[in-house]
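S.K.: Sequence:
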Amino acid sequence: MALDMSAKAAGPIPLDVSFRVAPGELMALVGHSGSGKTTILRSIAGLWTPTHANISVCGEPWLNTETGVDLPAHRRRVGIVFQSYALFPHMSALANVVAAMGHVPRRDKVDKAMELLSLVNLPGLEHRKPAALSGGQQQRVALARALAREPAALLLDEPFSAVDRATRQILYRELRALRSHLRMPTVLVTHDLEEARELADRIVVIEHGRLVRTGTTAEIMFDPAALRAMGLRDLVSVLPASVEAHEDDGLTRLSTPAGQIWLPGLDASPGARVQVRIHAHEVIVARQRPQEISALNVLPAVVKGLAEGDGPGAVVRLDLAGHELLARITARSVHALSLEEGAPCFAILKSMAVARDDVQHYAS
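Under the working numbering, the sequence shown has 348 at position 353, and the numbering climbs by one with no breaks.
Please note that the accuracy of each hint is not assured.
As the list claims (entries may be wrong) - Pairs of lysine to aspartate or glutamate residues, derived as DMTMM-like cross-links and limited to a Cα-Cα distance of at most 20 Å, are as follows:
| id | residue 1 | residue 2 |
| --- | --- | --- |
| 1 | Lys3 | Asp65 |
| 2 | Lys299 | Glu277 |
| 3 | Lys107 | Glu121 |
| 4 | Lys345 | Glu303 |
| 5 | Lys124 | Glu145 |
As the list claims (entries may be wrong) - Label-pair distances were calculated between CB atoms; the ranges are:
| id | residue 1 | residue 2 | range |
| --- | --- | --- | --- |
| 6 | Pro7 | Pro67 | 33 to 39 Å |
| 7 | Gly29 | Ala240 | 46 to 52 Å |
| 8 | Leu42 | Ala331 | 49 to 55 Å |
| 9 | Thr325 | Ala172 | 30 to 36 Å |
| 10 | Asp11 | Arg284 | 47 to 53 Å |
| 11 | Leu177 | Arg268 | 24 to 30 Å |
If you are wondering where the hints come from, they were derived from the structure by calculation, not from laboratory data. Quick caveat, the model's predicted, so the values are computed rather than measured. Beta carbons: idealized from backbone N, C-alpha and C, even for Gly.
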C-alpha cells in the first residue's frame, strides 16, 4: 500500500520532487509558505496535474504523464482533511460522514459512520451541525469523513492550524492513538516543525518546490541547513513537568525528570501535569555546575550530539533524564567547552525566559 510520487513542473509553482511513503507511515511535508507543499498534495489528490509526473498507490497508477494515465479525483481512493475542514454546513456530523460513503451499501452506512465518529472521539455529537461544534470537533468530523472513503492514502493539509495550541495537543495525541488502526500511507502538510516532530515518522523538507532534505524527525531537527530551508531561526524543545507548589515570591516550583525548576507563577494546582516549551536560544550549556548565578534552573545533562552549520552557530542535543533538550550556542563555545557526544554537562534555563503561554496543561 505504498504511495510513490515523482513530479516535475515549471509553474505556477516550480516542482521537482520524488519520494515514497510506506504503508502505515506518516510523512510530513515541511516548508515555509509558498514552498509547494500543498501543490504536491493537490497533485496526489488529482486536483492539479504537473507537467511530468508518475504517481501510484498500492501499485495502481493514478497519474503517469508518459503513458497518459490520469485517474480523475473522484476515482482516486484518497481521503483528504483540508485546513478549512470543508464540512457541509447544512448537514449533521453523521450526515457529513455518510456523504463520503457512496461505495457502502445503504443499510450499512449509518452504522459504519457511527463507528468512525466513535473512533475519532465524537460519541453523542453525531446530530450536531458544524456551527454547533468546536474547531477541534469539526476537525474530528473531517477526519472521520476522510476515513469513510476507506482510502488507499490519507492526505492532511495543515488540519490543525485553525485550533488553539491546547486543542492541538489533544488532537495530536488522538491522531497518534488512531494511527494504530491505520494501514495506509499518510502525508501531512505543515509549516510547523513541532507538529511534524509530534506526529511524523519522517520529514521531507520542501523549498521552492524542490526536495532539499529528507530524514527522521531527529535528523531534520538537528540539521541547521534544513531549518534554514524551512524559514526557521530557532528550535523549541518540550519538557514534561508537574506542579509542586506556588511560592511566596510569585514563582511556581515544578518537578521535571531531570530535577526541579522554577517558573513565573502558573495558573495550575499542585499535582497538575504540564508541558514546558523551551526555546533553544535560551538554553546555556556549562561543563561544571555554576555557582552564584542569577539563573535558578540548572539541570544535569549529557551531550547526545552536535551539529555545526556554515555560520558561527551550532545546535547541541542534550539528554535530560531521557528527554531531549536542544541548545543553540556558538561553535566557538562548543570548542571552548570541549563538547562532544557523551560529555556530561549542565543545562541552564532562566526562569523569566519561559513565557506563561509556553506552559501548557495536559488535557484530562
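S.K.: Determine for every hint whether it applies to the structure shown.
M.R.: Outcome of the hint check:
1. A distance of roughly 15 Å separates the Cα atoms of Lys3 and Asp65; the hinted pair therefore holds under the 20 Å criterion.
2. For the given pair, Lys299 sits about 18 Å from Glu277 by alpha-carbon distance, which is consistent with the 20 Å threshold.
3. With a CA separation close to 12 Å, the supplied pair Lys107 and Glu121 stays within the 20 Å bound.
4. Note on Lys345 and Glu303: the hinted pairing is violated, with a Cα-Cα distance of about 24 Å set against a maximum of 20 Å.
5. For a cut-off of 20 Å, the pair hint linking Lys124 to Glu145 is broken: about 23 Å separates their Cα positions.
6. A hinted range of 33 to 39 Å is violated for the C-beta pair Pro7 and Pro67, which are about 21 Å apart.
7. Checked against the hint of 46 to 52 Å, the C-beta distance between Gly29 and Ala240 comes to roughly 48 Å, which is consistent with it.
8. For the pair Leu42 and Ala331, the beta carbons lie near 53 Å from each other, so the given range of 49 to 55 Å is met.
9. Thr325 and Ala172 have their C-beta atoms about 41 Å apart, which leaves the hinted 30 to 36 Å range violated.
10. For Asp11 paired with Arg284, a C-beta distance near 51 Å keeps the hint of 47 to 53 Å intact.
11. Checked against the given bound of 24 to 30 Å, the beta carbons of Leu177 and Arg268, roughly 28 Å apart, stay inside it.
Violated hints, listed in ascending order, are 4, 5, 6 and 9; each of the other numbered hints is respected by the structure.
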